[in-house]
Amino acid sequence: MPQRWGVPFVAWPQRLRPSYWDGVALPLVIGAIVLIGWASRQMNVPYRPGEALPISLDPALLPEYGLRTVLRMVLALVVSLVFSLAYAAAAAKSRRLEKLLVPILDVLQSVPILGFLSITVTGFVALFPGSLLGYECAAIFAIFTSQAWNMTFSLYQSFSSVPYDLREAARMYHLSAWQSFWQLEVPFAMPQLVWNMMMSVSGGWFFVVASEAISVAGNTVLLPGIGSYISVAIDQRDLHAVLYAILAMLVLILGYDQLLFRPLLAWSQRFKLGEINEEEVEAPWFLVMLQRAHIFRLVSFAADGIASAVSRLTRSGRAGARERRAMPPWCRAVLNRVWVGALGAAALGALYYIYLFVRVEVGWSEVGYVVFLGALTLVRVFTLIVLAALIWVPIGVWIGLRPPLAHKVQPWIQFLAAFPANLFFPIAVSAIVALRLNPEIWLSPLMILGTQWYILFNVIAGMLAVPNDYQLVAGNLGVRRWLWWRRLVLPAIFPAFVTGAITASGGSWNASIVSEIVKWGDTTLTAHGIGAYIAVETEKGDFPRLALGITVLCLYVLVFNRLVWRRLYNLAEERLRLD
Amino acid sequence: MRNLTSPLPQRLIAASSITKTYQTPDHSGRLVIDHIDFALAEGEIVAILGKSGSGKSTFLRILAGLTPPSSGVVEYRGRTVNSPAQGIAMVFQTFALFPWLTVLGNVELGLEAQGVARAERRQRAIAAIDLIGLDGFESAYPKELSGGMRQRVGFARALVVNPDVLLLDEPFSALDVLTAETLRGDIIDLWSAHRIPTRGIIIVSHNIEEAVELADRIIVFGSDPATIRADIPVPIARPRDWSSAAFRRIVDEVYTLLTTVPGHEGGKRGPRGETIEIGYRLPDASIQQLAGLLEALVAPPYNGRADVPQLADSEHVSTEDMVVLLETLQLLGFATVGGGDIEATPAGRTFAAADLLHRKQIFAEHIRRSVPLVAHIRKVLDERPGHAAPEARFLAELEDHLSEEEAQRVLETVINWGRYAELFAYDYDSGVLSLENP
Numbered sequence: 001m002p003q004r005w006g007v008p009f010v011a012w013p014q015r016l017r018p019s020y021w022d023g024v025a026l027p028l029v030i031g032a033i034v035l036i037g038w039a040s041r042q043m044n045v046p047y048r049p050g051e052a053l054p055i056s057l058d059p060a061l062l063p064e065y066g067l068r069t070v071l072r073m074v075l076a077l078v079v080s081l082v083f084s085l086a087y088a089a090a091a092a093k094s095r096r097l098e099k100l101l102v103p104i105l106d107v108l109q110s111v112p113i114l115g116f117l118s119i120t121v122t123g124f125v126a127l128f129p130g131s132l133l134g135y136e137c138a139a140i141f142a143i144f145t146s147q148a149w150n151m152t153f154s155l156y157q158s159f160s161s162v163p164y165d166l167r168e169a170a171r172m173y174h175l176s177a178w179q180s181f182w183q184l185e186v187p188f189a190m191p192q193l194v195w196n197m198m199m200s201v202s203g204g205w206f207f208v209v210a211s212e213a214i215s216v217a218g219n220t221v222l223l224p225g226i227g228s229y230i231s232v233a234i235d236q237r238d239l240h241a242v243l244y245a246i247l248a249m250l251v252l253i254l255g256y257d258q259l260l261f262r263p264l265l266a267w268s269q270r271f272k273l274g275e276i277n278e279e280e281v282e283a284p285w286f287l288v289m290l291q292r293a294h295i296f297r298l299v300s301f302a303a304d305g306i307a308s309a310v311s312r313l314t315r316s317g318r319a320g321a322r323e324r325r326a327m328p329p330w331c332r333a334v335l336n337r338v339w340v341g342a343l344g345a346a347a348l349g350a351l352y353y354i355y356l357f358v359r360v361e362v363g364w365s366e367v368g369y370v371v372f373l374g375a376l377t378l379v380r381v382f383t384l385i386v387l388a389a390l391i392w393v394p395i396g397v398w399i400g401l402r403p404p405l406a407h408k409v410q411p412w413i414q415f416l417a418a419f420p421a422n423l424f425f426p427i428a429v430s431a432i433v434a435l436r437l438n439p440e441i442w443l444s445p446l447m448i449l450g451t452q453w454y455i456l457f458n459v460i461a462g463m464l465a466v467p468n469d470y471q472l473v474a475g476n477l478g479v480r481r482w483l484w485w486r487r488l489v490l491p492a493i494f495p496a497f498v499t500g501a502i503t504a505s506g507g508s509w510n511a512s513i514v515s516e517i518v519k520w521g522d523t524t525l526t527a528h529g530i531g532a533y534i535a536v537e538t539e540k541g542d543f544p545r546l547a548l549g550i551t552v553l554c555l556y557v558l559v560f561n562r563l564v565w566r567r568l569y570n571l572a573e574e575r576l577r578l579d
Numbered sequence: 001m002r003n004l005t006s007p008l009p010q011r012l013i014a015a016s017s018i019t020k021t022y023q024t025p026d027h028s029g030r031l032v033i034d035h036i037d038f039a040l041a042e043g044e045i046v047a048i049l050g051k052s053g054s055g056k057s058t059f060l061r062i063l064a065g066l067t068p069p070s071s072g073v074v075e076y077r078g079r080t081v082n083s084p085a086q087g088i089a090m091v092f093q094t095f096a097l098f099p100w101l102t103v104l105g106n107v108e109l110g111l112e113a114q115g116v117a118r119a120e121r122r123q124r125a126i127a128a129i130d131l132i133g134l135d136g137f138e139s140a141y142p143k144e145l146s147g148g149m150r151q152r153v154g155f156a157r158a159l160v161v162n163p164d165v166l167l168l169d170e171p172f173s174a175l176d177v178l179t180a181e182t183l184r185g186d187i188i189d190l191w192s193a194h195r196i197p198t199r200g201i202i203i204v205s206h207n208i209e210e211a212v213e214l215a216d217r218i219i220v221f222g223s224d225p226a227t228i229r230a231d232i233p234v235p236i237a238r239p240r241d242w243s244s245a246a247f248r249r250i251v252d253e254v255y256t257l258l259t260t261v262p263g264h265e266g267g268k269r270g271p272r273g274e275t276i277e278i279g280y281r282l283p284d285a286s287i288q289q290l291a292g293l294l295e296a297l298v299a300p301p302y303n304g305r306a307d308v309p310q311l312a313d314s315e316h317v318s319t320e321d322m323v324v325l326l327e328t329l330q331l332l333g334f335a336t337v338g339g340g341d342i343e344a345t346p347a348g349r350t351f352a353a354a355d356l357l358h359r360k361q362i363f364a365e366h367i368r369r370s371v372p373l374v375a376h377i378r379k380v381l382d383e384r385p386g387h388a389a390p391e392a393r394f395l396a397e398l399e400d401h402l403s404e405e406e407a408q409r410v411l412e413t414v415i416n417w418g419r420y421a422e423l424f425a426y427d428y429d430s431g432v433l434s435l436e437n438p
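As given, the protein sequences belong to chains A and B, one line each in that order.
With the numbering used here applied, the first sequence has no gaps in its numbers, which climb one by one up to 579 at the end.
With the numbering used here applied, the second sequence has no gaps in its numbers, which climb one by one up to 438 at the end.
Do not rely on the hints blindly, as some may be mistaken.
To be verified - With the C-beta cut set under 10 Å, the calculated list includes, among others, these residues of chain B facing chain A:
#, residue
1, LEU66
2, GLN93
3, LEU97
4, GLU112
The hints are simulated quantities; they were obtained by calculation from the structure and are not laboratory data.
Don't be surprised by glycine CBs; every beta carbon is placed ideally from N, CA and C.
Given the sequences, and given the hints that come with them, work out the whole structure.
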């Protein structure tokens with residue numbers, strides 16, 4: 001009998017008897033509450049621009065910095081979750097909103113994340129004058145932007161694909177809209193959401209490191225955290241401190257993985273519609289503790305009570321809600337036209353405004369130059385994806401052919417993907433400086449340092465999914481070497497590879513902002529490209545040029561996605577799916 | 001729930017002049033249900049039978065308040081039904097259980113939505129679980145259960161809200177024969193012994209025997225658009241014996257109704273190929289099954305003439321498949337059906353006796369003559385300079401008559417037949433039909 005998760009159906013007295021796990025759980029809970037309280041108080045300390053926040057390279061302070069960094073991550077994740085639930089629900093429920101919200105999300109997804117930081121920080125600082133809270137908010141917002149879009153898309157897709165019969169059952173048994181949302185739609189979306197959250201948080205580590213050292217108009221504000229620690233270490237050319245930071249990050253990510261995502265992932269399995277795959281069902285120790293320790297049962301019991309109280313409240317409001325649909329068809333058609341017209345007018349207006357802005361503020365020659373820089377970065381991204389594919393596809397296939405090895409390796413690759421590659425930049429840069437290499441070429445690999453793992457990860461997963469029969473048939477027919485690759489392996493892993501490459505390419509565009517211009521003490525290495533352009537303009541605080549750079553980068557990503565990835569993806573979906 | 005001060009009304013559900021029109025891409029609207037009047041009396045089980053895609057499930061959803069009718073009114077105990085009404089419960093073909101809830105959680109769902117207190121909820125749910133024979137499985141998740149057990153959960157979920165009317169949407173068709181029989185028996189026992197408060201049941205089915213076993217009255221739907229073709233009372237005492245003469249007579253009658261077009265019930269008119277149009281909802285019969293059935297029909301002991309249910313039984317063909325096969329055989333002029341019997345035509349006999357290549361020729365000849373869509377495709381391909389045309393073109397033509405899904409299904413069927421007959425070729429990647437021989 002496999003271990004079943006969730007709140008078991010048990011009677012009260014047993015619920016109250018303490019278990020051994022309580023001995024571990026109680027101090028953990030209290031400790032966590034105290035720590036969160038302390039760290040969040042630190043966020044709102046008085047601060048005046050120009051003041052230097054002392055960041056010490058003393059490794060003893062790293063736990064404190066790590067805690068601050070983690071707190072930012074947690075807050076950003078919570079905000080992302082709330083945002084994506086609301087946004088996806090709105091987009092999935094209303095045809096009219098869908099027309100606006102989905103394309104917006106598509107564009108937001110291609111805006112470089114550090115671009116958001118540069119643009120919004122002034123606003124946040126103005127919101128909380130004289131306090132560090134503004135900067136904290138800007139950093140959290142940057143992390144939020146690295147997670148939210150992904151999660152929202154996943155939720156939107158899930159919400160719009162809830163099986164029709166389950167929807168009908170929910171209506172037939174009189175669930176209110178609120179009840180169906182929490183009892184049907186959210187549970188249905190859960191496995192995808194958790195998986196996406198994990199992927200998003202992996203990306204988030206990169207940006208928390210990059211966004212803790214915020215420069216506004218020549219001023220650099222260092223928010224206490226691992227990212228700032230490493231930026232100070234770079235300034236002082238302290239390789240030891242860099243290594244300490246890497247070590248601290250290792251512990252943090254491991255903790256996040258063990259305490260949050262392993263349990264979540266295992267727990268979310270029960271929301272899957274199909275049969276349970278026994279291999280996926282390994283109870284992580286932390287989840288077991290959560291389920292065995294009785295204090296957590298009390299918590300979930302209380303949560304259950306609150307939920308049913310809320311749903312009772314919403315029931316009373318339900319009667320009126322059903323009457324709404326009596327709008328005549330012609331009226332709806334007119335309303336739709338008006339809505340589409342309004343959207344079109346707004347888009348035209350915005351376009352005209354951008355045109356004016358460019359003509360007055362920067363000039364067309366600058367635009368041409370930035371487009372050229374974008375092309376340089378495009379060449380880099382493209383070349384790197386090809387190189388990464390040449391390296392990782394054979395390795396991934398080799399690993400994928402050995403399932404026991406693959407299952408051991410997969411969590412580590414996920415871990416590598418989560419590890420913020422920018423922590424390794426100083427090491428690479430000191431090497432480039434020492435060996436006098438050409439930065440135009442040798443800075444490029446940094447872009448894909450953190451994102452190449454997605455290719456490997458997906459190729460392994462794709463290879464694992466190929467039915468063993470195919471292998472046997474190929475062996476039986478004597479299909480070998482190049483023919484084996486061409487007829488069996490490459491078509492079989494293609495869909496998985498495309499998914500991985502899309503993620504890797506998106507990540508590389510984002511990383512270009514921090515990897516095309518890199519510092520080591522007072523040495524600055526620059527590779528020409530749109531990322532370096534954006535980074536330089538951010539530092540100077542030249543808002544029009546910054547906006548131009550971000551817009552052009554955005555366009556590149558959008559066009560590249562449409563012309564290359566979308567097509568490959570469709571091809572994979574149509575032709576090469578295994579089922 | 002029930003108004004006890006006034007006398008009980010005779011009719012639980014009354015639907016008058018129900019129509020349903022779906023919007024087509026060119027805004028012309030496609031009629032799927034055409035002015036159906038229907039009533040469910042107290043103490044009655046009514047079965048609705050029809051070919052797949054005949055609109056019987058849509059009709060059930062209109063009665064349930066899940067789908068609004070385009071015109072007409074549904075009343076439940078005198079009140080108009082606009083949305084799912086308290087007192088009506090439904091059991092789904094696909095079970096529609098929430099996989100993240102345990103058996104108990106699924107059964108409690110309806111009560112939770114009604115705001116029933118926790119203790120009462122649990123007690124009633126456990127009672128329903130016991131009633132349906134699921135005790136011991138309260139904490140199991142649906143995915144741990146077999147299909148039959150899952151559908152028991154579906155019934156428990158419906159019964160726990162003490163439904164006045166139970167709507168069953170092909171509840172047994174996803175189950176294997178034996179499991180379906182057991183569950184059906186259990187439900188009918190509960191009903192006969194008045195152990196459930198339900199006063200009326202409507203079951204949608206495509207299984208003729210099942211309908212005859214369960215129902216007091218069988219409604220046969222005609223398709224395109226759905227109308228009531230026949231309303232057949234089943235005056236047989238329960239428990240019903242499948243092999244009794246009265247039972248078989250009704251089965252034969254329904255078979256005949258389902259496999260002939262109105263006015264041809266006598267079976268004297270033979271194939272009706274000349275009457276169908278391009279937008280005809282072609283049955284998606286498998287050619288292998290078709291050939292197999294013809295061979296069996298022509299061979300001893302039948303020697304070209306057989307009782308339909310008997311043939312279905314000996315060849316292990318489900319009634320659902322049988323209806324499809326019979327329609328196709330008649331359509332192509334390989335057999336005639338009448339009075340519950342099937343008879344092979346001379347063409348059918350030749351086909352059964354022919355070898356592989358010859359069969360293809362006969363098949364090609366017959367579909368060109370009897371299926372206007374095939375003739376049309378062939379004509380277009382012959383006339384085009386490159387002898388090729390995109391499938392989208394034919395799909396668009398079909399969508400004038402059929403829903404998107406149906407159009408897709410019909411075109412797939414025709415492509416399949418055309419490929420077998422080597423009348424035209426089809427390239428999956430480009431979606432192009434052509435005369436080329438690949």
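Under the criterion of a CB-CB separation shorter than 10 Å, is LEU97/B in contact with chain A as hinted? With Cβ-Cβ at 8 Å, under 10 Å, it holds.
Holds or violated: is there a CB of chain A closer than 10 Å to the CB of GLU112/B? With Cβ-Cβ at 7 Å, under 10 Å, it holds.
Have a go at the GLN93/B hint: is there a Cβ in chain A nearer than 10 Å to its own Cβ? 8 Å, holds
Verify the interface restraint on LEU66/B: the C-beta must sit less than 10 Å from at least one C-beta of chain A. 6 Å, holds
The structure meets every hint from the earlier list without exception.
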